[in-house]
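**Student:** What follows is each chain in one-letter form.
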Amino acid sequence: MELKELLKKVVLLGDGAVGKTSLTARYVVNKFDDKYIATIGTKVSKKDMQLTKPNLIINLRMMIWDILGQKEYSKIRTASLSGAQGVILVGDLARPETVKSLEAFWIPEIEAAVGKVPTVLVGNKCDLADKGSMAITVLESIGQNLGYPTFLASAKTGENVENAFATLGEMLVAEVVASRPKGAEELPQTLSEAVDFIIQDFCAQYGDLEKAMLIVQHQFEEAAVDIRKPSKDAVLQALEGLAKAEELSLTKTVAAVNLEERQRMVILAKG
Amino acid sequence: MQRDVKIETLIVMSMCVFGALAVTAFVVPFEDDNTRIFFVGLAAVLVSINVAGFFTVWKASPTIIDEIFLMTPDGRLLKHYTRRLKPDQDDDILAGMLTAVQNFIKESFEEAGGKLKEIRFENYDIFISHSKSIVIAAIISTKKPEKLRTQMRLVTEDLEKHFGHKLTNWAGDKSDLVGVDIIMKKLLAGKYR
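Those protein sequence lines, which keep their order, are chains A and P. Residues 1 to 271, numbered by the numbering used here, are exactly what the first sequence covers, in order. Residues 1 to 193, numbered by the numbering used here, are exactly what the second sequence covers, in order.
Treat the hints with caution; some may be incorrect.
Claimed, not checked - What follows is a list of derived Cβ distance ranges for each label pair: (1) 221(A) - 64(P): 34 to 40 angstroms; (2) 149(P) - 204(A): 49 to 55 angstroms; (3) 89(P) - 72(A): 31 to 37 angstroms.
Simulated from the structure, these hints should not be mistaken for lab results. For every residue, glycine included, the Cβ atom is placed at its ideal position computed from N, Cα and C.
Please build the complete structure, drawing on both the sequences and the hints.
**Tutor:** So this is what it looks like as structure tokens:
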């Protein structure tokens, strides 16, 4: 099981007072007061998500930039948009003009600044809009034309807020998942190959190569693993120690999944 | 070796040497004035040497960095290093807001061109060093940052050389940053080149 840590910048855009800040507040960890949007044009929040794919766990950290919605402040907006890898476009379903301006103003603005990036459309304040209203029809038509997932949400009730962010999260990691080699995974054949693979895998997931190697060395010494001619029992014992270290550096779930995977690898290895 | 000597130790040593020789020169009843002048002169020379030594060590000693933020120019935090634990501080959000503040200042003073290089707040100085794909912000609460500026520039250049190609249009995969710690810890210790 491979573990990846991804850090993505996501920008919330839309006309003033459509509810961008309220949507963010519903969903994220905030450390700064909302007044920063009015004073410097931006407020940054973050949200961590864990996505599980076949043989891959992705810890996704979304840095969410809530940007002033007044159209006049184009320079600040362009600077804040820089490097955005995902966008949430928000319109107010109670004010159809804010939905129309998504297509007329915001989408061209984003494409000029960062090109085509994963985007979701959110019609906020759905609790105030009638089903089949003009704003909903326009929003869904924009989404359909451009292929953007569309959500009717309410920051007030929380409806669909989580879904909108989660969908964007999935879109952000889609490239990583798609770029992984397809087909059967090549598993190590011999016990020595398995040990080598486990050491590399442990170090890659631990992050700090130097420390990771020290832990491996210590656990292998404790379990009396002879690296030139390892025995299955000794390696299995060392794996328990590595899992304990991973419980501290990663999470208990990831450590357990890794342990199981590695045990299977060792048991099936020849030699 | 020279850097390991504490300034306080040198001050105490200087005072002791001066004190001992001053006592010898003025309290001990020498038979002639020449001997007394010799001791006073010796005291002055030794104190001068100590003061010069103190100044050299002080100049050579590194600036103490409290925190370093290694970021992308779009505000994503790559790494954070600190000497103090700050449980209330969210480093990712702080890095983002620091970038937002830089954007705001840059746009507000557009005619001046360039980038924000320094922020001062009470006892804290924030030094910022930029390259095409890396931004380093160092927070210090001590003075004498001249060497730090040079070191930060060198580190920024070296990181750009080694990681720039990965960080231009960076997909956000933190495994691209293996090896950054070695360079940054040297900077944190004030021992970068």
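**Student:** If I claimed the Cβ atoms of residue 221(A) and residue 64(P) lie 34 to 40 angstroms apart, would that claim hold in this structure?
**Tutor:** The hinted range 34 to 40 angstroms holds for residue 221(A) and residue 64(P), with Cβ atoms some 37 angstroms apart.
**Student:** With respect to the beta-carbon atoms only, verify the hint that residue 89(P) and residue 72(A) lie 31 to 37 angstroms apart.
**Tutor:** For residue 72(A) against residue 89(P), whose Cβ atoms are near 33 angstroms apart, the range 31 to 37 angstroms holds.
**Student:** Verify the CB-CB distance for residue 149(P) and residue 204(A) against the hinted window 49 to 55 angstroms.
**Tutor:** Violated: the Cβ-Cβ distance is about 36 angstroms, outside 49 to 55 angstroms.
In terms of the numbered hints stated before, the structure departs from hint 2 and from no other.
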